[in-house]
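K.L.:
Protein chains in written order, with the working numbering: chain A, 981 to 1114; chain B, 80 to 467.
It should be emphasised that the hints constitute simulated quantities derived from the structure, not laboratory data. Predicted model only: the values in this text are computed from it and were never measured. Ideal Cβ placement from N, Cα and C applies to all residues, glycine included. Watch out, some of these pointers could steer you wrong.
[Stated by the list, open to error] In the DSS-like style, the derived pairs of lysine-lysine whose C-alpha atoms are separated by at most 25 Å in a straight line are: (1) K991/A x K82/B; (2) K445/B x K991/A; (3) K124/B x K334/B; (4) K334/B x K345/B; (5) K1012/A x K381/B; (6) K287/B x K302/B; (7) K363/B x K1012/A; (8) K142/B x K272/B; (9) K142/B x K302/B; (10) K82/B x K985/A.
[As the list claims (entries may be wrong)] Derived Cβ-Cβ restraints for the label pairs, each shown as a range: (11) G396/B x K1056/A: 35 to 41 Å; (12) D107/B x E1067/A: 55 to 61 Å; (13) G1055/A x A459/B: 21 to 27 Å; (14) N992/A x T316/B: 51 to 57 Å; (15) H249/B x E1067/A: 56 to 62 Å; (16) K1056/A x R358/B: 40 to 46 Å; (17) A211/B x K985/A: 44 to 50 Å; (18) H180/B x G1055/A: 56 to 62 Å; (19) A216/B x E988/A: 49 to 55 Å; (20) D349/B x D1027/A: 56 to 62 Å; (21) T439/B x M981/A: 41 to 47 Å; (22) M981/A x M127/B: 43 to 49 Å; (23) G396/B x E1067/A: 31 to 37 Å.
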Amino acid sequence: MYSEKVMEHFKNPRNVGEIECADGEGEVGNAKCGDIMKMFIEVDDNDKITDIKFKTFGCGAAIATSSITTELVIGKTIEEAKELSNEEVAEELGGLPPVKMHCSNLAADALKRAINDYLGIETEETDEDHHHHE
Amino acid sequence: MDKIYMDSSATTPTDPKVLEAMRPYFSDIYGNPSSFHSYGRDAKKAIMEARDNVADLIGARGKEIVFTSGGTESDNYAIKGVAEALKEQGKHIITSAVEHHAVLHACEYLEDERDFDVTYLEVDETGMIDLADLEDAIREDTILITIMTANNEMGTIQPIAEIGEIAEEHEIVFHSDAVQAVGNIPVDVEELKVDLLSLSAHKFNGPKGIGALYIKQGTKINKFMHGGAQERNRRATTENVPGIVGLGKAAEIAKEEVPTKMKKLKKLRDKLIAGIEERIDEVKLNGHREKRLPNNVNFSLKYIEGESILMKLDMEGIAASSGSACTSGSLDPSHVLLAMGLSHGVAHGSLRLSLGKYNTEAEVDKVIEVLPEIVEDLRAMSPIYNKK
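Assemble the whole structure, with the sequences as input and the hints as a guide.
P.N.:
This is the structure:
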């Protein structure tokens, strides 16, 4: 079901952990749905993401998408990181089964939350919070 | 890497003896059992023998056994067949919240399309129904009670004989889905006082695609398959001779092996349960501790999710299953675990290890050895686990 890249990220997830007093923190999902993702970012004076960590409660795809998301944005500026889409996350992983695409949404959303937190912007509640599976 | 299979509740390997018994019936003894000539007669003889073996395993008579394509068909046949036959008498059915989907969806179909009324009895936190609730649910127009003998997810064994008594008292037809029980624990239809009972070959080392429905003599039931007169005019279609022979052989073997198999599996099961409880904290055994299938181990491993647990086990060559939504492709985790009162989050983190007759103590030891680290790794990644 999962691509080699997904399996690799599942077996060896990058950037697992938390950052105490992180510059930006974002959380999405809930235990009811079986998916919770938390992202922590450290940002320098040039708006560059110098460190990023994640914690995830969820399936193989959830862990893999979190891991690759951190890998994709570390070293990028906030502006660049904001552009990361869930399609890009899925593509970098060599594709995800259709039923798992929402995991890539969660990872991108968790990152956006962390970025908005850093920027001091209130994030609107998205569908992912209520996690209505369409 | 040596692989370890602990998903026997999903299916079991066909016993080589069963395969051997089936082999002649493809290209050698290939007649249609309904044919007059010797080819037909030889095939017919084989299915008669198989029928007796199946009947013998559950304490029934041969003529009370109808071969089907498996547990799901048997459940559908029993529920829809009785509903149709007795609908003039009443349109109320009682079942439980922890039944297999074959039973639940057949009941839902009758509710949605046939105007039936179904009561789904709740269960307690061990997955057991309450006999008083059953009595309370019985109405003038109740025509069928259908409660499974043993649960596939968490192993709890229901008080079938007591339910049978109640059903008999009220003269209500009683069906039990015994798919997880037959061939694994002793099942006697007289003792249980059932009118109908479903069983499936591939759950006790028989081939897939064949099962049976026990129909007590005198039970009113409509047939679904119209056509020829096979199975005493109850299920038309040319018989699946190799499959039936396989089921018969599996039943013959089970009759002999069940007592020792039960003892062996109980020992392995209890070692596995103890090993997990000793070495991993924040775990919860799902299902009744004592009234439990001898081969079923089901734990909720808190703060982590089922599919990721299965993936890590799979990487170690260990096959198991889970009640998490992600592993079933549905939106909710197992309805059985939810019915027992588990929260969604805890249900998502469930792991089912179901043993079979070929599992060894060394395999159990291996699982006990690798599972704690798997849980530790996943908990280290979990935003909801706080190491104390």
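K.L.:
State for each hint whether it applies.
P.N.:
Going through the hints against the structure:
A threshold of 25 Å between alpha carbons decides the hint, and for K991/A with K82/B the separation of about 19 Å falls inside it, so the pair holds. Simply put, K445/B and K991/A have alpha-carbon atoms about 20 Å apart, close enough for the 25 Å limit, and the pair holds. Taking the CA atoms of K124/B and K334/B, the gap is about 21 Å. The hint holds against a cut of 25 Å. Our distance criterion of 25 Å between C-alpha atoms is met by K334/B and K345/B, whose separation comes to about 18 Å.
A C-alpha spacing of about 13 Å is found between K1012/A and K381/B, which places the hinted pair at or below 25 Å, so the restraint holds. Between K287/B and K302/B, the direct Cα distance comes to roughly 23 Å. Compliance with the 25 Å bound is thereby established for this hinted pair. Restraint check: the Cα-Cα separation between K363/B and K1012/A comes to about 18 Å, which is no more than 25 Å; the hinted pair holds. A threshold of 25 Å between alpha carbons decides the hint, and for K142/B with K272/B the separation of about 17 Å falls inside it, so the pair holds.
For the suggested pair K142/B and K302/B, the alpha carbons sit about 16 Å apart, so the restraint of at most 25 Å is met. With a C-alpha separation of about 23 Å, the suggested pair K82/B and K985/A falls inside the 25 Å cut-off, and the hint holds. Taking 35 to 41 Å as the suggested C-beta distance range, the pair G396/B and K1056/A conforms, at roughly 39 Å. Our hint of 55 to 61 Å for D107/B and E1067/A holds, since their Cβ atoms are close to 58 Å apart.
G1055/A and A459/B have their C-beta atoms about 24 Å apart, which keeps the hinted 21 to 27 Å range intact. Restraint check, N992/A to T316/B: a C-beta distance of roughly 53 Å satisfies the suggested window 51 to 57 Å. Look at H249/B against E1067/A: about 60 Å separates their beta carbons, and that is inside 56 to 62 Å. Checked against the given bound of 40 to 46 Å, the beta carbons of K1056/A and R358/B, roughly 42 Å apart, stay inside it.
The hinted window of 44 to 50 Å between A211/B and K985/A is violated, with their beta carbons roughly 56 Å apart. One distance hint, 56 to 62 Å for the beta-carbon pair H180/B and G1055/A, is violated here, with the actual separation near 49 Å. Hint check: A216/B to E988/A, Cβ distance near 53 Å, so the stated range 49 to 55 Å holds. Between D349/B and D1027/A the beta carbons are some 59 Å apart, a value that agrees with the proposed interval 56 to 62 Å.
One distance hint, 41 to 47 Å for the beta-carbon pair T439/B and M981/A, is violated here, with the actual separation near 29 Å. Here the CB-CB span from M981/A to M127/B is close to 45 Å, well matched to the stated 43 to 49 Å. One distance hint, 31 to 37 Å for the beta-carbon pair G396/B and E1067/A, holds here, with the actual separation near 35 Å.
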